[in-house]
Amino acid sequence: RKEVEQDPGPFNVPEGATVAFNCTYSNSASQSFFWYRQDCRKEPKLLMSVYSSGNEDGRFTAQLNRASQYISLLIRDSKLSDSATYLCTKGDYKLSFGAGTTVTVRA
Amino acid sequence: DAGVIQSPRHEVTEMGQEVTLRCKPISGHNSLFWYRQTMMRGLELLIYFNNNVPIDDSGMPEDRFSAKMPNASFSTLKIQPSEPRDSAVYFCASSRTGVGNTEAFFGQGTRLTVV
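These protein sequences, in sequence, are chains B and F.
Quick note: the first sequence, position 6, residue 6 per my numbering, numbers continuous.
Quick note: the second sequence, position 44, residue 44 per my numbering, numbers continuous.
Just so you know, these hints were derived from the structure itself, not from any lab.
There's no promise every hint is true.
[As the list claims (entries may be wrong)] Distance condition first, Cα-Cα at most 25 Å in a straight line; then the derived BS3-like pairs of lysine-lysine:
(1) Lys94/B x Lys45/B
(2) Lys24/F x Lys42/B
(3) Lys68/F x Lys24/F
(4) Lys24/F x Lys78/F
(5) Lys42/B x Lys79/B
(6) Lys45/B x Lys79/B
(7) Lys78/F x Lys42/B
(8) Lys24/F x Lys2/B
(9) Lys42/B x Lys94/B
(10) Lys2/B x Lys79/B
(11) Lys94/B x Lys24/F
(12) Lys79/B x Lys78/F
(13) Lys2/B x Lys42/B
(14) Lys78/F x Lys68/F
(15) Lys79/B x Lys68/F
(16) Lys45/B x Lys2/B
[Claimed, not checked] Partial pick of chain F residues on the chain B-facing surface, computed with a CB cut under 7 Å:
(17) Gly42
(18) Leu45
(19) Pro61
(20) Phe65
(21) Phe74
(22) Gln108
Heads up, the beta-carbon is just placed ideally off N, CA and C, and yes, glycines get one too.
Same shape as in the complex, but just chain F:
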């Protein structure tokens, strides 16, 4: 199993540009999470999908952020327009939900720098 795959690993972009982060969850997992991690705020949940449907997007900071999951093997997180305060490490994680079985596996993250 290849694990959760995220791309790109690093992204440097100018303020105002659109940024798209990509995630391929582990095959067979039906839950997908996008997190943002900074020194100041820790690991914040942005959005959670179950069976490709967004269940909870209350963590999405503002309308500049959007996430999609068109199928069980792919998800994107888009920031448009990007701002310097969006600089962070963005993690995607997936899990096989079920009673007592919600261990999440994380991708290696995308380190985003907006200048």
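The shape of chain B in the complex, shown without the other chains:
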């Protein structure tokens, strides 16, 4: 089993909708987690950190559920510019990434 697993999607949503997806992890000792965003043919870039119970940044909310070993990302009032692949990773020494969840926001 991979250390980090994600639903690849794609999630196709209309502008203004709310979209949410999860990332499960296998090592319960992980203390920190990160969501990265990757645009087509670009490098991944940090979107949000999740250190404890959760984090909110504008339209984006990340939550950590230690009991069930997953983190979630919720995007409210989605914009066309939110279309991307979202990668999660455990903040352990070797940064294992999930395969990514593709989100497409349509007009």
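With chain B fixed as given, assemble chain F onto it according to the hints.
Just chain F now, kept in the frame of chain B:
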């Protein structure tokens, strides 16, 4: 800060040739990662260095792949001989490791095509 710098950005080579990818991490970062990304397999960690020392190379697919980090400001990933299945985007990333501070910054990647 110039960020993580990778070269070349694109490489097209013939099967059997040697390929060398280069990476300059962000100054002050003590961890360096090499990743390979394909549609089928996603973003795979190949090798991780800490303070210039290879810590985990379990992701290196086979002996044709080797990586070095002779100093804190330079790393190479070499494929010899290259094969068509090595075609992928190779990313280098660096971070300043520490408790709760392992955000990684990625280079723009090298798009490798082996024909």
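Evaluated hints:
no., hint, result
1, Lys94/B x Lys45/B, "holds, 17 Å"
2, Lys24/F x Lys42/B, "holds, 18 Å"
3, Lys68/F x Lys24/F, "holds, 12 Å"
4, Lys24/F x Lys78/F, "holds, 15 Å"
5, Lys42/B x Lys79/B, "holds, 19 Å"
6, Lys45/B x Lys79/B, "holds, 18 Å"
7, Lys78/F x Lys42/B, "holds, 22 Å"
8, Lys24/F x Lys2/B, "violated, 29 Å"
9, Lys42/B x Lys94/B, "holds, 21 Å"
10, Lys2/B x Lys79/B, "violated, 31 Å"
11, Lys94/B x Lys24/F, "holds, 18 Å"
12, Lys79/B x Lys78/F, "violated, 41 Å"
13, Lys2/B x Lys42/B, "holds, 24 Å"
14, Lys78/F x Lys68/F, "holds, 9 Å"
15, Lys79/B x Lys68/F, "violated, 42 Å"
16, Lys45/B x Lys2/B, "holds, 22 Å"
17, Gly42, "holds, 3 Å"
18, Leu45, "holds, 6 Å"
19, Pro61, "violated, 16 Å"
20, Phe65, "violated, 17 Å"
21, Phe74, "violated, 19 Å"
22, Gln108, "holds, 5 Å"
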